[in-house]
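Start from the sequences and build out the full structure, keeping to the hints where you can.
Line order of the protein sequences matches chains A and B.
Residue numbers for the first sequence, in the numbering used here: 1 to 577.
Residue numbers for the second sequence, in the numbering used here: 1 to 437.
Hints are supplied without guarantee of correctness; some may be wrong.
Not the full set, but computed from the structure, chain A residues with beta-carbon under 10 Å of chain B [stated by the list, open to error]:
#  : residue
1  : LEU164
2  : VAL167
3  : ALA168
4  : PHE171
5  : LEU173
6  : PRO185
7  : MET188
8  : PHE271
9  : PHE288
10 : ARG289
11 : ARG290
12 : GLN306
13 : PHE569
14 : ARG572
Quick caveat, the hints were computed from the structure, so don't treat them as lab data.
Heads up, the beta-carbon is just placed ideally off N, CA and C, and yes, glycines get one too.
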Amino acid sequence: MSRFVALAARGRSALPNIFDLIAFALIFGAFVAIVHGSRGMTLPLHAPQATAISLDYSNLPYYALRTTLRMFAAMIASLVFTFIYATWAAKSRRAEKFLIPMLDVLQSVPILGFLSFTVTFFLGLFPGSTLGAECAAIFAIFTSQAWNMAFSFYQSLHTVPKELDEVADSFLLSPWQKFWQLETPYAMPGLIWNMMVSMSGGWFFVVASEAISVGNTTVSLPGVGSYLAMAIDQKRIDAVIAAIVMMLVVIIAYDQLLFRPLVAFGSRFRFELSASQEEERSWVILLFRRTKWLRAVTGVPARLFQDVALWRLDLPIRANLSPAANEWKERVLDLVAVMIGGTIGIYALWLLSHFVVKSLTFGDIEQALGLTFLTLLRVLALILLASLVWVPVGILVGLNPRLAERVQPLTQFLAAFPANVLFPIAVVLIVRWALNPDIWLSFLIIFGTQWYILFNVIGGASTFPNDLREAAATFHVRGWDWWTKVMLPAVFPYYVTGALTASGGSWNAAIVAEYVKWGKDTVTAHGIGSYIAKATEAGDYPRIVLGVAMMSIFVILLNRTFWRPLARFAERRLQLT
Amino acid sequence: MLDTRTKPILEVKNVSQSYRTGSGEAGAQVLDNVSLRLTEGEIVGLLGRSGSGKSSLLRIISGLAKPTEGEVLFREEAVTGPYDSISMVFQSAALFPWLSVLANVELGLRAKKVPEAEARPRALKAIDVIGLDGFESAFPKELSGGMRQRVGFARALVVDPTILLMDEPFSALDVLTAETLRTDLLDLWVEGRIPIKSILMVTHNIEEAVLMCNRILVLSSNPGRIAEEIHVTLPYPRNRLAPEFRQLVDRIYALMTRRQAPAAPGREGTFPGLGLGMALPEVSTNTMAGLMETLAAPPYNGHADLPPLADSLQMAIDDLFPVGETLQLLRFAEFAEGDIKLTPAGMRFAEMDVDARKKLFGDHLLAYVPLAARIRNVLDERPTHWARAARFLEELEDYLSEDYAERTLKSIITWGRYGEIFAYDETSETFSLENPA
Numbered sequence: 001m002s003r004f005v006a007l008a009a010r011g012r013s014a015l016p017n018i019f020d021l022i023a024f025a026l027i028f029g030a031f032v033a034i035v036h037g038s039r040g041m042t043l044p045l046h047a048p049q050a051t052a053i054s055l056d057y058s059n060l061p062y063y064a065l066r067t068t069l070r071m072f073a074a075m076i077a078s079l080v081f082t083f084i085y086a087t088w089a090a091k092s093r094r095a096e097k098f099l100i101p102m103l104d105v106l107q108s109v110p111i112l113g114f115l116s117f118t119v120t121f122f123l124g125l126f127p128g129s130t131l132g133a134e135c136a137a138i139f140a141i142f143t144s145q146a147w148n149m150a151f152s153f154y155q156s157l158h159t160v161p162k163e164l165d166e167v168a169d170s171f172l173l174s175p176w177q178k179f180w181q182l183e184t185p186y187a188m189p190g191l192i193w194n195m196m197v198s199m200s201g202g203w204f205f206v207v208a209s210e211a212i213s214v215g216n217t218t219v220s221l222p223g224v225g226s227y228l229a230m231a232i233d234q235k236r237i238d239a240v241i242a243a244i245v246m247m248l249v250v251i252i253a254y255d256q257l258l259f260r261p262l263v264a265f266g267s268r269f270r271f272e273l274s275a276s277q278e279e280e281r282s283w284v285i286l287l288f289r290r291t292k293w294l295r296a297v298t299g300v301p302a303r304l305f306q307d308v309a310l311w312r313l314d315l316p317i318r319a320n321l322s323p324a325a326n327e328w329k330e331r332v333l334d335l336v337a338v339m340i341g342g343t344i345g346i347y348a349l350w351l352l353s354h355f356v357v358k359s360l361t362f363g364d365i366e367q368a369l370g371l372t373f374l375t376l377l378r379v380l381a382l383i384l385l386a387s388l389v390w391v392p393v394g395i396l397v398g399l400n401p402r403l404a405e406r407v408q409p410l411t412q413f414l415a416a417f418p419a420n421v422l423f424p425i426a427v428v429l430i431v432r433w434a435l436n437p438d439i440w441l442s443f444l445i446i447f448g449t450q451w452y453i454l455f456n457v458i459g460g461a462s463t464f465p466n467d468l469r470e471a472a473a474t475f476h477v478r479g480w481d482w483w484t485k486v487m488l489p490a491v492f493p494y495y496v497t498g499a500l501t502a503s504g505g506s507w508n509a510a511i512v513a514e515y516v517k518w519g520k521d522t523v524t525a526h527g528i529g530s531y532i533a534k535a536t537e538a539g540d541y542p543r544i545v546l547g548v549a550m551m552s553i554f555v556i557l558l559n560r561t562f563w564r565p566l567a568r569f570a571e572r573r574l575q576l577t
Numbered sequence: 001m002l003d004t005r006t007k008p009i010l011e012v013k014n015v016s017q018s019y020r021t022g023s024g025e026a027g028a029q030v031l032d033n034v035s036l037r038l039t040e041g042e043i044v045g046l047l048g049r050s051g052s053g054k055s056s057l058l059r060i061i062s063g064l065a066k067p068t069e070g071e072v073l074f075r076e077e078a079v080t081g082p083y084d085s086i087s088m089v090f091q092s093a094a095l096f097p098w099l100s101v102l103a104n105v106e107l108g109l110r111a112k113k114v115p116e117a118e119a120r121p122r123a124l125k126a127i128d129v130i131g132l133d134g135f136e137s138a139f140p141k142e143l144s145g146g147m148r149q150r151v152g153f154a155r156a157l158v159v160d161p162t163i164l165l166m167d168e169p170f171s172a173l174d175v176l177t178a179e180t181l182r183t184d185l186l187d188l189w190v191e192g193r194i195p196i197k198s199i200l201m202v203t204h205n206i207e208e209a210v211l212m213c214n215r216i217l218v219l220s221s222n223p224g225r226i227a228e229e230i231h232v233t234l235p236y237p238r239n240r241l242a243p244e245f246r247q248l249v250d251r252i253y254a255l256m257t258r259r260q261a262p263a264a265p266g267r268e269g270t271f272p273g274l275g276l277g278m279a280l281p282e283v284s285t286n287t288m289a290g291l292m293e294t295l296a297a298p299p300y301n302g303h304a305d306l307p308p309l310a311d312s313l314q315m316a317i318d319d320l321f322p323v324g325e326t327l328q329l330l331r332f333a334e335f336a337e338g339d340i341k342l343t344p345a346g347m348r349f350a351e352m353d354v355d356a357r358k359k360l361f362g363d364h365l366l367a368y369v370p371l372a373a374r375i376r377n378v379l380d381e382r383p384t385h386w387a388r389a390a391r392f393l394e395e396l397e398d399y400l401s402e403d404y405a406e407r408t409l410k411s412i413i414t415w416g417r418y419g420e421i422f423a424y425d426e427t428s429e430t431f432s433l434e435n436p437a
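Written as structure tokens, this is what we have:
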């Protein structure tokens, strides 16, 4: 792409134009912000401004900046992780056997539950500096972003078209060249899409992980999340609203300046033979295309990258064993790998059970089991409720292309908005009207995740072939039949994808949503989420482990026995085309 | 047969290749003891039906795949992996969609660390030669199929290969585009404007082979063997309507439909052979019925010569042969020596109404396709009249690769449903005798 850009830029006059100016302003603004924001990251802990959060509105932009930087740091870490982990899994048959199931489990672990562990770990790593807490927060966001990106990349690497692979081999591309010329570009649309979904999910975690107290240690990093925590502590509803507004601004900026340009950029790499009818548009990309100087400037790193991508980096020629000897060697290595993996697994299991059994009784396990069941009920009931509302709405919106075009960006925006910023408002209402928290707090679980259902159903309905719609109309299929025999089966595959994402997010949200505070008032719902949250506050590590483990087991079971069979069914029976 | 005065550039010596079955063992052979030589200045065509292993052979020659037995020598050196002196043109062009035409063509050179100052003019020249001037900055998705394949040619030519390998490069294109591309390539070759020493092309199009090649190697199927070698001495440019040209095409049709010697009683029954391990092609019952109707009606009246039939139906041999062979397997037609002839059963079928057709088809299916009889037997014997598809798939995988086993099962399900010899439920993946009311 950079080559194309560089060629086109050469021909025109070299004077900068107005678009260069706007673009420069944007970029330099970003530079200044990064420098300004990152200076605060390495402050020693005892410096007063390091941890003191002020509710003064004028501090909010700075806090938002810090929050955003954390987000990007985590995104970079996730990208590096994705390239290494997914590539390793895709290239080594042996590593694949361990790495992929591990990723699958990691994906099901409610990250927020482990915040207490990572905070203590990172604080110990950088004693006396905010860097430890900073790393812990970044790590928490990282764990919410990395897994699905790695999965997407891994899957793309496995589905590189065979002929392109043969082209690369027959032109003697080295593995390094193949990675950058073929595999990464091919994986790009999926990776970018997952990056964006991850980022959207990440706002929730960044808010939740900035202010955390584990036992007696309280860490609050400058950021919107800490600002919000402070506002809650001091019962300042005006500050809560200010935080909500700030978050709105940040998400809009993120959506316009990053999400849309990147998705538009990613469409270039889509593997298709004909130009698709709809182009993703982004004013930022249009602006960039109209600049002259800026494109020339970006040509430099682009060229550099291109050169790096063309390095051969040939490995020393591997020992050329005869096929028979090779097979024998492979088997031995397989055995060794299984043994090592097995030993580590057994040791970890022993360690875990030791840790839990030593300080917990059977009663604790029973209690955790019961509470997890309650949360499970809550999650399923709310997914059902959200589906009842959003599926019909999504179908009606999706069938109207002009409406869908307007609503779709809004749902993406709503999915990115961290719902936990809104929690205090809910608490105030619950306290005011003395509502039953077991029922009313439940809605918070689905608050941020329901949009995935709406989003996917709109997407499904808007791709519904016009022929089928007309066929249904010709045969006078109306009312109940129209819903059950035409539209619901048609959007079902999309619905499953959305509901699966919503379900995964809801478990995590439960940790924050079942135990909410307003000053000294605490509103608690019965469930494993509040169990983990309370244990975290008390610094009760065995119970945190028990709660998180129990929740993970339920999530994995729910995925394996419910969502995946449903997704398989949808794929086999209901996929159009 | 071989010109002994010139040394071969490429030699394939006793190459064999086998599929892996579902259980991972070496299964049916794809290629059986294939040897060939390629000398300077010739275009050689590998002509065969699907299942003749012609694409596998091309990949072995290019170093992309390794043979189970035998070896490939390039200028007397053994080939162990992809090498510099060959380049390949793919059926689907296989361009990188994120690279411009120029970048696609340059890629092979840049990968070899040819400096940009040298690579750029070479790429531009190749683009010019192949007739793509003006499209350098276009992206593949902006181009038509024919233009894309031209980029494929430019990309293959720019690295100055000694041998150009082509894997059915014209088969994905429409008739007119394919013809222009063929003649353009032949012109370049005849006028010596491309520095290639020899071309080896895979095709299933008989006319294309006769139009382009100096030598045609006809491969037999299952496993692939070189059945015949035909020298084409007609001068370029060749005229499709010339009697010599037509004669040669007829002769090759006859060669390719020649009744094969009965297969050795091995595990992989040669199709049409006997036994459960018979790989069945995916042929729709509609196509079969359509072909029988066409053959029964005038002007054919039950008997047709294949080349004109293929022409009038606009079917390549890869489409036509499986249909003919399936009809032969079901004893609805005889298919030999470049001819197809309906049997009395086939003639009757063409005149029947739908229900009678289904009945006759079902009877023939049970009588002549062992897998159909096997499924029906199992269902009859069981008191529940019910059986899982997986058990038959496993049985098939003892003989066939996973892909072929699945395709065979899919075919038998379609044919069995049409003949109403059993029912199949997709959700539970089971066979049964129940007919949905």
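For this session: Sort out which numbered hints this structure fails and list those numbers smallest first.
Result: Of the numbered hints given earlier, those the structure breaks are 9, 10 and 11, listed in rising order.
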